[in-house]
Every structure is written in structure tokens, then in C-alpha cells.
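As a plain string of letters, each chain reads:
2 protein chains.
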Amino acid sequence: MNGAQSLVRTLVGCGVDTCFMNPGTSEMHLVATLDAVPELHGYLTLFEGVATGAADGYGRMAGRPAASLLHLGPGLGNGLANLHNARRARTPIVNLVGDHATYHKKFDAPLESDIEGPARMVSPGFVRWGSTPATLGADAAEAVRAAVGPPGQVATLVVPADVSWGPGGVVAPPPPRPAPPGVDTARVEAAAAALRSGERAALLLGNAALGPAALAAASAAAGASGAALYAETFPARVARGAGIAPVDRLPYFGEMVVDTLAGVRHLVLADAKAPVSFFAYPDKPSWLVPDDCQVHVLAGPTDDVPATLEALAAELGTRPAAAVVAPPSRPEAPEGELNPRAVAAALGSLLPEGAIVSDEGNTSSLFAASMTAGCPPHDWLYLTGGAIGQGLPVAVGAAVACPDRKVVSLEADGSAMYTLQSWWTMARYGLDVTTVLFNNRSYAILQVELQRVGTEGAAERAHEMLDLTRPDIDFCGLARALGLSTWRATTASEFHSHLAAALATPGPSLVEAVF
Amino acid sequence: MNGAQSLVRTLVGCGVDTCFMNPGTSEMHLVATLDAVPELHGYLTLFEGVATGAADGYGRMAGRPAASLLHLGPGLGNGLANLHNARRARTPIVNLVGDHATYHKKFDAPLESDIEGPARMVSPGFVRWGSTPATLGADAAEAVRAAVGPPGQVATLVVPADVSWGPGGVVAPPPPRPAPPGVDTARVEAAAAALRSGERAALLLGNAALGPAALAAASAAAGASGAALYAETFPARVARGAGIAPVDRLPYFGEMVVDTLAGVRHLVLADAKAPVSFFAYPDKPSWLVPDDCQVHVLAGPTDDVPATLEALAAELGTRPAAAVVAPPSRPEAPEGELNPRAVAAALGSLLPEGAIVSDEGNTSSLFAASMTAGCPPHDWLYLTGGAIGQGLPVAVGAAVACPDRKVVSLEADGSAMYTLQSWWTMARYGLDVTTVLFNNRSYAILQVELQRVGTEGAAERAHEMLDLTRPDIDFCGLARALGLSTWRATTASEFHSHLAAALATPGPSLVEAVF
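Heads up: the sequence lines are chains A and B, in that order. Sequential numbering of the first sequence, starting at 43, is according to the numbering used here. Sequential numbering of the second sequence, starting at 43, is according to the numbering used here.
I should point out that these hints are in silico values taken from the structure, not numbers from a laboratory. Any given hint could turn out to be false.
The list cannot tell twin chains apart, which means a pair is met if one copy fits it or any two copies do.
Below are the BS3-like pairs computed for lysine-lysine, each with C-alpha atoms no more than 27 Å apart in a straight line [what the hints assert, rightly or not]: (1) 326 to 148; (2) 315 to 326; (3) 147 to 326.
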């Protein structure tokens, strides 16, 4: 058995059987394992950012890592932005980067470059070089252990070509399961005391606090104590819909967070970070917690967050069954002008049960959450790290992880252009993804930001850099050329009927909403 | 004057007046300088890899740096692959990376990441952080000095948002011109002695040895001494065509290089590196110079390479006028089956004088060089660092640098998909670029490499990862959706007439050759 086969057999034994890839010559022995190890499922992408974003979407939905397979330093470079988003989501990913043969590196061939520097950017906790075929299986098992955590992370394993092709590979056993996370009673009591203090309090939920059970416990605890309940602005995954306890996300703009939290004296964090401004702005605060507010860490990523929230509810004399949950409701089908609100209403009127929404609509999807609050239960995935070009790849990975669920990808025009290659991968594998493309012909968020950062004197030439006209992009044309069924809407009722048709069509489709 | 304005005014004063950009919030003050400093020309790209590749193409053709403007660590990540290619081309680039405000970094906002690690990958010689508005101008001047060299390099200047927006910017004077490079007489004499030794010898030319004057001198020297004349496999830019001394590039496959150099006892390097295999392969050599061959460095990137070659010619008793130059000739218009040879013949029969060819045709452009050898003088730009997705962005930059010249972008299907966003930038700015798209529906080079690396057992599932069918990509559809005029050809004569039409149409166009 060569090193590559021992690596892949080890991964499969650890439950990592899905690999999103853009391979090159140095990874050919890993590619060849697809025939030797039929348990491995390979998905070809046409750009590395699609592979890494798909691994992120897969990990968020499957709860176990996928692998990404990238070609040397430049391939890793192309994958970095979505690995950055995955790092922020704490998604487990086994990130395989092929390298030149060990003896070849000193010749400084054209593709030779530093790999460690860019790898550390997204994998600060685990970058390892395979050194021999005999130890590559063990390296793979260690990479899985690191990726799974907790907390989940991107674990990068660099695989030199001769370590792949050399004989003597040994399959390593799966790593021991991590010790079961626990509940820190002292922190539960401290948090309960804060929530009961009579002073204004808020409970802020992040990653693991946003599943249905955790949300029910958090809602009950908030209800029993009178605390406000919020989620982080860009969580990795939120359970939503009828029968699930709803939670508002903190707003994107820092000054709105300040308003939201005004008067709060106790902020209790459940797997969340205290809020900070997304960007810095002249004369606006970066730290958004009120000055006289005490921050209490109830649970972090290595705790059993749902159990901790249930313990908190119990400490407050209530239980998850007391949660206030969203009632079933759907908005009316929209009519009249097509705008983001109409798109949201159409989505709310049609979103199927069990849908997975990958949301990179940016300014255009502001209304989508409220209009879908009472839809049948579904999951919502956010842009965690701010690096645009995440939404379509994450939709790819979510669809691979959950082939029986409909995936809806809410995409802004500017963001879609970063990783539009995703559509081809959706088409090749018949993934059940409907892209809703918000075509407002601009980087609308940057139009806002240009004002907010106080750039006096910015005029026509600056605004040209935020404008996506001249030429207008024909998104239906792009998606059709990559194998999707497409519809284009310019009125609300047109959009509604097109979305209904797209959702009823198995496989990948796109509905372009032209504003 | 704020820091951003002092930076941009300094750049303009240094001759850096062109910036390819994908800005975000942290770069808005730099964007705003477009209105304050009208001498700066900004070009919007829809993906950072286009911006950095365009800066590479611009630098190769203009001989002076453009700037690239990227958004934080993830934006730099997206730009790394083409900065890697630029590093290999030794193209001067001032690479500006916006960062969070200095005081904001400690809050670990979503887009916060390491920047230095990925920056060092492509800018090992110069990564600097702007620290105050008052010194940012001087930082910019230093970045220009570093970028220009010699040797040229990617100089990365990280610009925190508050250093951009803060007052007190000071425009710095341009750096002193570098000392004029010289001729090392001892090395000229040693090289001449080697070439005259009577033993088999070869002269290998790289970057600065591939302009018309250097080629003439090299050709004369080779002719006078009986030495063979070669160019590196993937040089940054080669002058070619009727009246210019032709030079064959060393082949891509290592074993063919070994055959080519068999028996050579003296290898004289003129701004070239001794040949090594692009990748490592089991049981094939990495170092391609014959064992008993002596390597002589005639000139490196800090020398006056053309003058050194002229001195070599003089030492050998000849002069550039004695060069053997390519006679004018064009192939017949092709007929019959459409294949890479027919595409090359059509190109050879039509290539206009002064054309710039950006060649990322990979396997499909193998015949293009020989079929255009006698065309009117033109320049040819190669994929220097092996990171695909370079060709279209380099064409963008070349067209911006040389608005009066026709640019032809030879693109393989797999490579085109990496940075197809380039077509939109060509359309927005009306760039005179004709893309020739080789659609063979596969990563053909990898099909070859899969065999060459000896992956026994690779079968159907492995080959699927190298196949671009299911669905076939409609490249005309993609390019049309991004604003290009397009033609599709399935026969040789169809291709010839479509290429003629495209070349006669000002502005961006695409001709898809379906094999």
C-alpha cells in the first residue's frame, strides 16, 4: 500500500469519506486512490475556493469533517478565503495540500513556494508535513483528531508527492473520541445570578447554542429571568422555523448594536464572543459592550453547550418545554415591485420543510430572516468570516452532506462572482440547490460603507469602483452556461412563480431577481 | 492630506499610476483618492486573482509597476496564486493590502487574520506595515524601490485603515534610481572561453535576455561559437517574429530536456536558471543538466543582460547584426478538422503586428509558437509560476499597459475557469483582447501527468476528476454574459474566419475552438 492509500483508508476509517478537490500533478496518487478505495467520494470543483467552501458547508451540516485537496501553495492560496470563513465557523475540515516530492523542493521549481505561512493563516492550530509513507496514516488520524476538536478547526496536512507514492503505507486507527464535554456548574450559577439580579441582562448565543434544543433551553431561561435573547451576527448555523425558539441576531452595524445593548448590565455568553464592530470607523466604537456591563462566560466551544443551557434553565426554575417557539406562518405571495422584501416574502411563502439556506445575500437578504420565521423547520448558514464568495460553495457542501434536503443559496451579485464556478459542480453532481441571485448591479454594502467611513471627497470615480453595471452581468446566462436551469424575474409575482418552479425542479437551478 | 492621499500621490510621483483593485470597507479611503488624485487610474476587477494577474501583465509590458489593492487577509489569499506567478516572472508590483485600523485588530473581528504569512509567500523580500499617516508616503516610496529592484519583485505594503484616514500625510519623493547595472567582464570571458572550448555548449536565455537586442546578441554569439541557443521553458516575456532572432524554449517534460541537452558540456546562463523538472516523478530526474556539464553564470537579474550578451558577442568576434533572424512567413489558412494545430495555423495566418500573446493554452498551444515564428514582430507572455488562472488576467494588464496593441489570450478551458471574471473587466474598459478558448473538455495536461507519475490502478473514478464534461461548459455563453462578442468554431475554416472577425472587432471578444 502506498502512502496515499494509507492516508485515504485512514480518513475513511475516521468517518471522513468526502473530498472536494482541485488536484494537480503532485496530488495524482491521491486522486488514484478513488479507484483503490471506493468508500471515498470525490467531488471535482473548478476552483479551489469552491472546494474549501464546500468542505465548510459539508462540515456545518454533517457535523463531521470533509477533506479538501489542493495543489501546492498557489492552490492553497486560492482556497484561503473560504478556509478563513471555515475557521470563523469552527468547521472541522481536513485540508490536504499536495507538495513537491521532498527531494525536489531544493530545486526551486516554478510551483515551489512557502506553504506554511498561508497554511498558518487558516490553520493556526494544526499544520503538519507528512514525512514518510509509513507515518502518513498516523498523520491523517492526527489531522482528523485536530479537525474535530472540540473546538472544530481547519487542520492542514501537507503531503509531499513522494510520501504519497512511496510504499509501506500503514492505515492508522481512528483517534480516540474526545472526552465528552461537560457543564461547568459554577459558571451556570454565576450566570443565573446575573440573569436574576434584577438588572437588565442579555443572553448572547453563538455556534453550538443555536440548535433546536439549545435554543429551547435558552429561550426558557430568558423567559424565566426576563433577559433579552440574541444570537451573534454571523453564526455558522441556526435552526429556525415553526416550533423552534426564535432568536434575533445582533445587527451588523455597530451603532445599532450599541442601541440594542444600551442599559444591559449583564451579558451572558453561550458559545458566543462579546460583540465588536465588524470594521473600524472614525469616531465609532470597536468594542460594543456597554461600559458598565459585566460579561459572563457561561459556556465556550469545549463545553456541552446545550446541556449547559438546560442547566441554566433548571437553575432558573424552568425547563426547555417552557420556551416560546415560533408559530407556523407564511407571508402572502408578494405582488408589485420586485425588491428584497418581495424576494423575502416569496421565499417565506415557499420555503420547503427541511430546507438549508446558505445566506450570502448581504444587504439584499435583510428581510429574509423575518419573512421565513414561521416556515417549516429549516437551517440557516451565514457568512461567518466576512470573506465573500462563501455562499455558493457552502451550498455545494450542504447539498452533498444532506442529499434529501433542498438547499437555497441567497446570493448577492458581487459575492456570486467570486466563486460562480460552484454552479458547474452543482450541475455535475445534480445537487438540489436553488440559487436566488439578487442582482442590484452594485457592491451595495460598499456604497453604504463608503459613507460610513467618512470618505469626504469621494465622488464619481470612487463610486465607479462599487458599481457592477457597464456591462450588466447576465447571471442567467452564466448559470445556464454552467448547466443550470434558470429563470429571470423583474416583478414580484414573476419572482414568486419562478421560485416555485425552481424549487419544484430537482437539481440545480437559479432564479435571478433583477432590482 | 490624509495618509491614503499621501500614499497615492507618492505612488503617482514614482510613476505608479495604475491600480487594479477589489476594495472593501478597510480600503475605502484609498478608493476615495481616485477623486482627489485624478492622475491615478483605477480598474475594478470582480475577483482579486484578476487584480494581481493584471498587475503582473501590466508590469511585464510597461516595465514599471502597477499597484494591486486587496481587502485584508482573505483578499490577499485570493490574489496569491497570480502574485506567485508574478514573483516567478520577477514582475515589479506594488501590492497594497488594506488592514483593520491598528487599534481594532485586538478585537479579533470576523475578517481579522494573519497577513504576514501569506504575504511572505509571494513577497519574501518586502512586506511592510504602514504605521502612521506621516510615514505612509515614505513607505510607499520604499515599496516602489523594492518592487523595481533590480530584480523586480512583488512588494507588499499593508495599510491599516486608520493610517489611511488619519491626517498628516506627507508625500515622499521618488526613490533614487537604482545604480545602472553593469557588465561583468570576467564572466563574459569565462563564458566565451567555454563556448569556444570545442566541447558541446549551449546558451540558455531567461527574462531580460529575451528582448530583441539581447536575442540578436545571443544569436550572434551562438552562431559564432557553434553553441546551441535555448530559452527557459516559461519565461515572462519573449520578443518574437520576423526580423527577430528566434529561440526555442526548453521542453516542459524533463526527459525531453535531458534529450535536448545530452552531450552538452558547458551550459551558459543569461538571466536564466539551470533547468529542473517542473514536477518530481518516480524514477525520473529532477536536475536536468547532464552530469558532466559545467554551468557558467554569464549574467543574472542585477546585471545589464543585453549589454552582457553584446559583450559576449564581441568577445567571440561577432556582433548583433550577425544574428540569424526569423524570415517573414505565415502559414496557410487551415482547413479540415479543428485541432490545436489548425488553431495555431489560423493564429499564424492572422496575428497582427505588435500583438501581445498571453499564453495559457497549456497542451493546446503547443503548436502556436512554431506557426507564428514568422509573423510580424510581437511579444509572447508565458505562465511563469505554474499557477493556472494567469492568462486572462495577464491579458487584462497587458491591454491596459499597451492600449494601442492587440492582445490575444490563448486559454485552456480548465485554466480559463479559474479567473473568468477577467472578461467582465475587459468589457468594462473596452480592452482590445481576443480570447482564443481551447475547449477540449478536460484537464488534458493532467491526463498526461496521471500516466507520467505512474499511478497504477487509476481508472474511471480518478479520470472523472480530470474531465470537464457533464456538463460541457458553454464558454461563449459565459463570455457573452460578461459583455464580450463571441464566436464558436468546430471546423478549421470556421475558426479561421471567426478569428479574423474577432481580431477585426475592436474591444474584447472570444473565439471558442471546440475540439
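Cross-check of the supplied hints:
no. : hint       : in the structure
1   : 326 to 148 : between (50 Å within a copy, 16 Å between copies)
2   : 315 to 326 : within (20 Å within a copy, 53 Å between copies)
3   : 147 to 326 : between (49 Å within a copy, 15 Å between copies)
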